[in-house]
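Throw the hints in and build the complete structure from the sequences for me.
Using the working numbering, you'd call the opening residue of the sequence shown number 35 and step up by one each time.
Don't read these hints as lab results, they were simulated from the structure. Certain hints may be false.
Stated by the list, open to error - Quick list of the computed label-pair ranges, beta carbon to beta carbon:
#1 163 with 201: 32 to 38 Å
#2 123 with 300: 58 to 64 Å
#3 308 with 127: 48 to 54 Å
#4 191 with 116: 55 to 61 Å
#5 127 with 260: 35 to 41 Å
#6 296 with 190: 16 to 22 Å
#7 192 with 123: 44 to 50 Å
Claimed, not checked - Computed list of lysine-lysine pairs in BS3-like fashion (alpha-carbon distance at most 30 Å, straight line):
#8 122 with 103
#9 122 with 107
#10 117 with 103
#11 107 with 117
These numbers were taken from a predicted model, which means no experiment stands behind them. Backbone N, C-alpha and C define an ideal beta-carbon position, used for all residues, glycine too.
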Amino acid sequence: MSVTHPRPSAAPAAPGPSCSRPPSRRLVSRRRACAGAASSSGVARRGPPPTTDPPSQRTSTVASTDKNKPSVKQQRDARRQEKVAALKRQQAVQKRNRVVGISIAAVAGAAAVALLVTFVVTSGQPRQDPDDITVAGVQTWDDLTANHVTGSVDYEMTPPAGGDHAGVWMNCGVYTEQVPNENAVHDLEHGAIWFAYDPAQVTDDQIAAVTDLAPSTYSVVSPYEGMDSPMYVSAWGAQLAFDDPADPAVADFVTKYWKSSAAPEPGAACSGGVDGPGRVS
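Written as structure tokens, this is what we have:
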């Protein structure tokens, strides 16, 4: 009879650290414990080493910064240019102020003369005796013929201040185009006055001032190219050249010669005739 001896059992494995155990439900906790153990054992993770620019790159950056910085001479030139520009701006402002001041003074002077003329024309007071008025710079002509003719007339003065003329007068008023001499002279025969201006020699403000100077009746205002003076005011046998509507002589001329009895037919009609080109009023 054979006897079966039991085999000796294998010696149990020596217990190791918990990290070497087979996976179980507490695997996550054990892995954390392992990580803690590794940390406590002095093992640390190292990051990437810091980077620095190579010496050549740092040198080029400094050189580029120095190159962009203006030199002392450039800074001095820039300051000088700023001072010059500021001075020019100041001079431009002063020039503009002078021009504005002159324009305001001219318009104000012309307005004062216009008010004086309006008072003389519309006032109910007796007019000053024309013989007592002296007009500085006036030119006069005596014994002018006053025949009614057809066609053009060669006048001895420009613009004409009397002489033979058309048989039909021109309606008094303000015109923006040059009017026929022969019809305008017929108005002078009736006692009207004629303001003529050269568009090439006057400003819009001067034209407006001359228009304001003209009485509302028995007056003509129109452009006239090629005159020796920028502006003229004419009556029958009398004429005044001027370049400033505010000249007191202009007001004296209007007072002396407007509807003057020295005209061949004073008080005859200044309407009901023919319109010249460009009439606006």
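Violated constraints from the hint list, given by number and in increasing order: none
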